[in-house]
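Order-wise, the sequence lines are chains Y and G. Read in our numbering, the first sequence has 97 at position 97, and its numbers run on one by one without any break. Read in our numbering, the second sequence has 98 at position 98, and its numbers run on one by one without any break.
In short, the hints are calculated from the structure, not lab data. Do not take every clue at face value.
To be verified - So the derived label-pair ranges between C-beta atoms look like this:
| no. | chain 1 | residue 1 | chain 2 | residue 2 | range |
| --- | --- | --- | --- | --- | --- |
| 1 | Y | G210 | G | N31 | 21 to 29 Å |
| 2 | Y | V27 | G | G14 | 17 to 25 Å |
| 3 | Y | D121 | G | I121 | 49 to 57 Å |
| 4 | Y | P120 | G | D97 | 49 to 57 Å |
| 5 | G | R104 | Y | E21 | 25 to 33 Å |
| 6 | G | N31 | Y | P230 | 56 to 64 Å |
| 7 | Y | H22 | G | E84 | 39 to 47 Å |
| 8 | Y | D113 | G | T179 | 21 to 29 Å |
| 9 | G | R81 | Y | D121 | 42 to 50 Å |
| 10 | Y | Y106 | G | A122 | 54 to 62 Å |
| 11 | Y | M207 | G | R104 | 49 to 57 Å |
| 12 | Y | V27 | G | P28 | 44 to 52 Å |
What the hints assert, rightly or not - Here chain Y is said to cover these stretches of chain G; the calculated rule only asks that three of the stretch's residues, wherever they fall, bring their Cβ under 8 Å from a Cβ of chain Y:
| no. | region |
| --- | --- |
| 13 | 39 to 47 |
| 14 | 118 to 132 |
By construction, the Cβ of each residue, glycine as well, lies at the ideal position given by its N, Cα and C atoms.
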Amino acid sequence: MKCYKPFAQGDHRWLVFSQDEHKPGSVVDTNQVAITSGGHAILLDPGGIEVFPSMIGALVQEVDLDSVSHIFLSHQDPDVGSGLALWRQVTLPGTMVHISALWPSYVAHFDSDTHFSPIPDEGAELTLGGTALRFLPSHYMHSPGAFAVYDPTARALFSGDIGAAILPGTPIRDIWVTDFNNHVQYMDGFHRRILACREARDAWVEMVAGLTLDFIVPQHGLAFRGQDVPRFLDWLSRLEIGSGVGAYRGRTARK
Amino acid sequence: MSKIKPAGTRRYRGVLKQVEGRIRALFPDINRANRAMFRLGDLSEDLRILSLNAELAAGRAGPKGAAVRALTQYTRGLVRRLAEINTNASGVMSLYDTTTSALRTLRHLRQLEEASVQVDIADITPSGQKALDVLEHVRTGQLREMAMRIANINDGTARLGRVVNVVDDVVSQAASIATNIAAEAVTAGSHEGEFKAVSETMTRYVEELRVMNDQAARGLRGALEGCKALTGAASILTRHQPNPAFQPAVQGAHAG
Chain Y
1 MKCYKPFAQG DHRWLVFSQD EHKPGSVVDT NQVAITSGGH AILLDPGGIE
51 VFPSMIGALV QEVDLDSVSH IFLSHQDPDV GSGLALWRQV TLPGTMVHIS
101 ALWPSYVAHF DSDTHFSPIP DEGAELTLGG TALRFLPSHY MHSPGAFAVY
151 DPTARALFSG DIGAAILPGT PIRDIWVTDF NNHVQYMDGF HRRILACREA
201 RDAWVEMVAG LTLDFIVPQH GLAFRGQDVP RFLDWLSRLE IGSGVGAYRG
251 RTARK
Chain G
1 MSKIKPAGTR RYRGVLKQVE GRIRALFPDI NRANRAMFRL GDLSEDLRIL
51 SLNAELAAGR AGPKGAAVRA LTQYTRGLVR RLAEINTNAS GVMSLYDTTT
101 SALRTLRHLR QLEEASVQVD IADITPSGQK ALDVLEHVRT GQLREMAMRI
151 ANINDGTARL GRVVNVVDDV VSQAASIATN IAAEAVTAGS HEGEFKAVSE
201 TMTRYVEELR VMNDQAARGL RGALEGCKAL TGAASILTRH QPNPAFQPAV
251 QGAHAG
């Protein structure tokens with residue numbers, strides 16, 4: 001698994017773990033993020049049980065396990081947190097697992113011994129070392145109970161499934177989108193299908209457009225930086241979504 | 001800090017795979033036994049109601065029903081035994097939980113083993129070395145849990161064996177009672193039809209019990225063989241002791 005470092009200022013770092021060559025081919029590739037600050041670390045969407053070995057192998061090259069005091073799950077899917085039982089056992093007791101208040105009893109199916117810290121619908125703030133992270137609502141942007149993580153110091157957003165891309169199998173040597181127009185083909189079908197609520201989409205775009213952002217890291221595929229951030233938001237704001245709805249009327253869903 | 005490699009990784013993985021195979025192989029046998037035992041409660045209740053009806057019929061027959069009344073009391077004794085073992089048979093259902101949990105623990109063990117390899121193949125850092133210690137500690141805890149689950153599987157299977165033996169005994173005694181009631185019916189005059197019906201119904205229930213128990217016994221035989229093989233494979237696994245040097249650094253620090 002590769003480790004990219006899109007931000008580092010003293011011990012405040014963003015580490016993106018991605019492109020796991022050891023994972024089974026049937027498993028979708030995921031980005032796992034660690035933010036460190038003031039001797040503490042939070043793991044954002046640490047991933048499914050299949051990627052646990054590679055993820056911990058790569059993580060401990062950069063982060064002491066004892067410094068992991070928080071785990072954040074953007075939503076309830078298995079590729080986000082089915083490795084939870086193993087993470088609970090290798091991190092110190094008392095490590096907080098943050099997830100939408102909608103999901104603790106459901107995600108407990110991954111690990112009934114995990115203690116969750118439910119995030120209320122309107123979001124929350126978490127102080128990590130010297131920085132205040134914000135959990136921003138992303139409800140109905142795929143999952144009815146979802147959050148993104150905004151780091152005002154790094155001017156960075158972890159967006160969960162929003163901005164995700166399913167990339168072709170060719171080896172990738174970078175984490176950044178370099179040709180936005182070409183990249184759209186890998187995001188298009190995914191977003192048309194997983195997003196269903198225009199009102200939520202418009203509110204999310206408006207909320208994110210109001211943040212000071214240098215980069216956005218989604219849970220799958222490549223990250224956006226610089227001018228690709230507004231380009232992505234503009235593309236998202238104009239996208240026709242809810243492609244699966246056509247199936248109710250007997251039409252083939254658009255891909 | 002010295003670099004400690006996971007010991008005997010390839011062999012260990014092989015044993016994990018073997019144990020997993022043994023547990024998976026147990027499922028069909030446990031299934032068969034459980035499915036068979038599922039009817040035990042209903043049959044026990046049917047037999048209880050039949051014995052009450054038989055007792056009423058015996059009362060109506062007056063002196064000609066005295067022997068049948070005595071036989072129905074024996075029957076109620078058998079029903080009580082069935083009710084008692086039915087509680088044990090319900091406990092056998094937990095074999096499903098135990099075997100499923102054992103498979104989940106094995107899955108974790110496999111991932112922990114692979115995690116040690118992934119940490120170990122990279123250039124070792126102090127935090128990497130610490131992670132190896134933590135992984136070893138967690139794995140030791142999981143191995144202990146695994147040993148406990150295998151003991152529970154063995155225990156559950158043995159309990160099922162006791163249930164099968166009791167049902168076997170009940171079947172044999174109930175069959176004799178049904179035969180005796182049929183014999184009493186011949187001399188019961190106008191009550192012959194009633195006693196005959198009791199005897200025939202009881203014979204039908206006994207036959208159902210016999211079929212059920214035979215199926216459970218077949219499943220049990222397979223499960224017992226499977227348990228022996230599982231215990232053999234698992235003993236290699238649980239002999240895999242961690243390096244004691246790992247213990248003081250992490251003991252009590254991480255959840256087991």
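We went through each hint and held it up to the structure:
The beta-carbon spacing between Y:G210 and G:N31, approximately 58 Å, falls outside the hinted interval of 21 to 29 Å. For the pair Y:V27 and G:G14, the supplied restraint of 17 to 25 Å holds, since their beta-carbon distance comes to about 24 Å. Here the CB-CB span from Y:D121 to G:I121 is close to 43 Å, at odds with the stated 49 to 57 Å. The beta-carbon spacing between Y:P120 and G:D97, approximately 35 Å, falls outside the hinted interval of 49 to 57 Å.
Between G:R104 and Y:E21 the beta carbons are some 26 Å apart, a value that agrees with the proposed interval 25 to 33 Å. Between G:N31 and Y:P230 the beta carbon distance is about 59 Å. The supplied range of 56 to 64 Å therefore holds. Distance hint for Y:H22 and G:E84: a CB-CB separation of about 53 Å, inconsistent with the stated range 39 to 47 Å. Checking the proposed 21 to 29 Å range against Y:D113 and G:T179 shows it is violated: the Cβ atoms sit about 57 Å from each other.
One distance hint, 42 to 50 Å for the beta-carbon pair G:R81 and Y:D121, is violated here, with the actual separation near 58 Å. The hinted window of 54 to 62 Å between Y:Y106 and G:A122 is violated, with their beta carbons roughly 35 Å apart. Between Y:M207 and G:R104 the C-beta distance comes to about 39 Å, which lies outside the given range of 49 to 57 Å. Checked against the hint of 44 to 52 Å, the C-beta distance between Y:V27 and G:P28 comes to roughly 29 Å, which is inconsistent with it.
Under the rule that three or more residues need a Cβ within less than 8 Å of chain Y, the assignment of the region 39 to 47 of chain G is violated, with 0 such residues. Here the region 118 to 132 of chain G counts 11 residues with a CB under 8 Å from a CB of chain Y, which clears the bar of 3, and the coverage holds.
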